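**Q** Below are the chains, spelled out letter by letter.
Protein chains: 2
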Amino acid sequence: MFDVKTLCLGILTMGDASGYEIKKIFEERFSHFFAASFGSIYPALNKLTQEGLVTCAAQAQSKRPDKKVYSITPAGKIAFMDTLNQPLAPDRHRSEFLALMMFSHLLTLRQLSDAIDGKIAEYRREIDAISDCENERPCSPGEEFVAGFGKAIYEAAIRYVEDHRHIVEGPALLSAAPEKDLTS
Amino acid sequence: MFDVKTLCLGILTMGDASGYEIKKIFEERFSHFFAASFGSIYPALNKLTQEGLVTCAAQAQSKRPDKKVYSITPAGKIAFMDTLNQPLAPDRHRSEFLALMMFSHLLTLRQLSDAIDGKIAEYRREIDAISDCENERPCSPGEEFVAGFGKAIYEAAIRYVEDHRHIVEGPALLSAAPEKDLTS
DNA sequence: TGATACTATATCATACCGATATATTGCAAG
DNA sequence: CTTGCAATATATCGGTATGATATAGTATCA
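Chains as they are written, first to last, in this note's numbering: chain A, 9 to 192; chain B, 9 to 192.
What the hints contain is simulated information worked out from the structure, not anything from laboratory work.
All clues stand as given, with none of them false.
If several chains are the same, the list does not tell them apart, and a pair holds so long as it fits within one copy or across any two.
Below 20 angstroms or equal to it, Euclidean Cα-Cα: the simulated SDA-like pairs (lysine to any residue) are:
#1 75 x 64
#2 55 x 83
#3 159 x 102
#4 75 x 54
#5 32 x 79
#6 32 x 111
#7 32 x 107
#8 31 x 107
#9 159 x 128
#10 55 x 90
#11 32 x 77
#12 85 x 107
#13 85 x 116
#14 76 x 59
#15 159 x 100
#16 85 x 24
#17 159 x 101
#18 32 x 142
#19 32 x 98
#20 159 x 99
#21 159 x 107
#22 31 x 111
#23 159 x 171
#24 85 x 111
Since the structure is predicted, the reported quantities are computational estimates derived from the model, not experimental observations.
Produce the complete structure using the sequences and hints provided.
**A** Take a look at the structure:
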């Protein structure tokens, strides 16, 4: 069971980090399959510290809030290796775009086309973000696999939407047509 | 912004339903892009009733809890049409499988292969579930589009994982090999 | 000089999930 | 022939997570 707490622990197996740095790692390398906000990361780190799975060294910085650098403990490593054997929960997806498409019959052609074009653009941005991340740092096999997965999925999504948008746009086109029919 | 409350309202534009029936609709037709539990559906329906966007008619059933059938009001329809114009939040995904793959270097080949095989099987089950749903009822264009999207994505996922599992399994194979090397 | 962005930690209301409670019907396997 | 499981039906609660906001100094660019 991979909650934010467990993933923070996992990230700390790759090296010490502050809460802020962990957030950046979530955004840069985990964003297309997992999200975590400060509101869950900071409490998670506090709990992990209480449980003795990580330690916290406060680096006093002049003119900035103390930087709290967290390190995983041997007990923490054992706990993390343990969760790696736990059964995986099924994937979960939330797409407001697909929810909107379920009600395509209530939309005008314009609304529909704008939503679809915007979504394709979003998918392209995701692909670019993954490519950037790949180029910046050397990747472990795991990271390479996950990045490739993300790209493959977004590319498939673009292909599907481009090839099948007519399914929803067609009927909207017809329901907008009657105006023209009067003149023909 | 499509939260559970808004989607309940949307489902009620397609016909009256009880909380229990709404849950089933979420599971059967929305499950691959949106999840909602009783813990969010019942409170959502209560709020919608308070706001006058739906009405509730309690059907007394002998030997069962009263069935509360909800209907959307004209004000509810207007409110729903209104949210359809709101900007879409980006898609969100949570995959424990990909999280696990990020730590593939900590796993044995056996753990890795089992996880991958299990995930492929899960993807296949999802595709079958979508196909079943398609055959059972006549589909609106929106439903057809969304179902096709789900299938396309899961098929792409299977293809990617089958074609690229060696990226993570290869290194695990090598780190397990030394035993054999002694005899060769 | 002012605006914006970045580093850095923290909290709070709101939302949501998963488990559990309660109660009845009906079917199937042992 | 009864025991257990699945389905129908509503509801609550603890725990987890999000998104917005607060605070506060540095840096950069116009």
